[in-house]
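**Student:** Hey, can you work out the whole structure from these sequences and the hints?
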Amino acid sequence: MLFPCIRSDSPLSIMAKRQVGNLRRITLMLRIECVLGSRVEPELSEQLHRLEHRGAVDIVTIPVVDLARRRLLITTSGGEELAIALPRHQKLFDGAVLLLEKERAIVVRAATERWLRLEPRSLSDAIELGYQAGNLHWRVRFEGGVLLVALEGRPEDYLARLEGLIESGRVGAGVIEQAVDHEAAPFAEHGHPHSRPPGHGH
Amino acid sequence: MRVQTAFNLQAGRSGPGAARVGIGGPVGSGKTALIEALIPVLQQRGIDFAVVTNDLVTKEDAERLRRSGLIDPARVTAVEAGACPHTVIREDPTLNIAAGDDLEARFPGIELILFESGGDNLASTFSLDLVDWWIFVIDVAGGDDIPRKKGPGLLRCDLLVVNKVDLAPYVGVNIDRMLEEARAVRSGRAVIPTNVRGGFGIEEVADAISASVLFRV
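Protein sequence lines correspond, in order, to chains E and D. Read left to right, the first sequence gives residues 31 to 232 (the numbering used here). Read left to right, the second sequence gives residues 22 to 238 (the numbering used here).
Hints were generated in silico from the structure; no laboratory data involved. Bear in mind the structure is a predicted one, so any value in this text is a computation, not a measurement. By construction, the Cβ of each residue, glycine as well, lies at the ideal position given by its N, Cα and C atoms. Incorrect hints may appear among the rest.
Facing chain D, from chain E, some residues (calculated, C-beta under 10 Å) [stated by the list, open to error]: (1) 114; (2) 116; (3) 164; (4) 167; (5) 173; (6) 181; (7) 182; (8) 183; (9) 187.
So, partial list: chain D residues that the calculated Cβ filter (under 7 Å) puts toward chain E [to be verified]: (10) 38; (11) 126; (12) 149.
**Tutor:** Shown next as structure tokens:
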């Protein structure tokens, strides 16, 4: 059974004037006011599966740092402009279904995230590195003896903050890309959900 | 009209609520003055809004806005941080979230809530649990080296406002170079120069808010 996910006074398609150079053009944006659910939920996945086989599932790829936003302007891979405005109790996530119609659907894909991989050579180097990362409010993950720092800017700006540790060779550094570790199953190239370990790339 | 359909009726009934925008920056950079300048512009555009101010241990900024005559005093709420201002906009923004919820309950249909942080340092950032989009305000008189210091507030904000550009000649600042360096460290993300006391740049800031979170120009 389907329910409308909008208030009756809140049309989903909104007109917006966009400044493009000296010209103003009228753009039709699709307003999204809630997440319908995860693509792996049985009620949704069945319909999505049918639409995927007809090539009717549009993907909106969202940088991981922007998944925390309730309001966002973004364009799908199919060229649809979305004006996302979620209630405060909802969040975007990889696999979030934003639109589900008879003829098409729009689903969120979290962009591949870049991480600075920092490997301290000794316990004392690790302690100092941990202190610096915390002091700088970096978003981190731990992978055994390696510290992974989410890159939300240029790697050189992060490395500059660790100049002494890097230049002396006390911490080894490199950049890696990883798919988001999420609750919902990620996308495969052919569009079917399946599970995969962190770091496994397509 | 396209219809977004869902299995979650409850989510659909709740609606998105008001857009929430943060305004942070160092002490004296012009955060409250920016809000004072924005109020008539937002009103002129027919935007239904309210303000939450944050102070350390007083309600000084809220009282200033309430006494200004620019806005219904009931639409200004004060939060006393009681500690470093960033703690209530980043680490635990519960007090501010509650203040926003209270305003939404008291003013149904409100479109926008501005959250002014207490004056802080260049490391101050907003939690996206509290706001949808945020502005960081620095000022020319604070020194033209601020962008080069690459503080997280300056790097991560959605819009950087460089205020008091009219003072540049008096404090030995090359404003063009300062703006250029600000855009460079932000990899080209939005930077707007303002003189909020003189009304310069206010329309552009209002445009940025409208386009980014209200989806209108």
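**Student:** Now tell me if each hint is right for this structure.
**Tutor:** Here is what the structure says about each hint:
1. 114: Residue 114/E check passes; min Cβ-Cβ to chain D is 9 Å, inside 10 Å.
2. 116: Result: holds, 6 Å to nearest chain D Cβ.
3. 164: violated (12 Å)
4. 167: The hint holds - residue 167/E has a Cβ within 10 Å of chain D, the shortest such distance being about 6 Å.
5. 173: Violated: closest Cβ of chain D sits about 24 Å from residue 173/E, beyond 10 Å.
6. 181: violated (12 Å)
7. 182: The hint holds - residue 182/E has a Cβ within 10 Å of chain D, the shortest such distance being about 7 Å.
8. 183: holds (6 Å)
9. 187: Constraint on residue 187/E satisfied, holds at 6 Å.
10. 38: Because about 6 Å separates residue 38/D from the closest Cβ in chain E, which is inside the 7 Å limit, the hint holds.
11. 126: violated (13 Å)
12. 149: OK, holds: residue 149/D within 7 Å of chain E, min 4 Å.
Violated hints, in rising order: 3, 5, 6, 11; the structure is consistent with all others.
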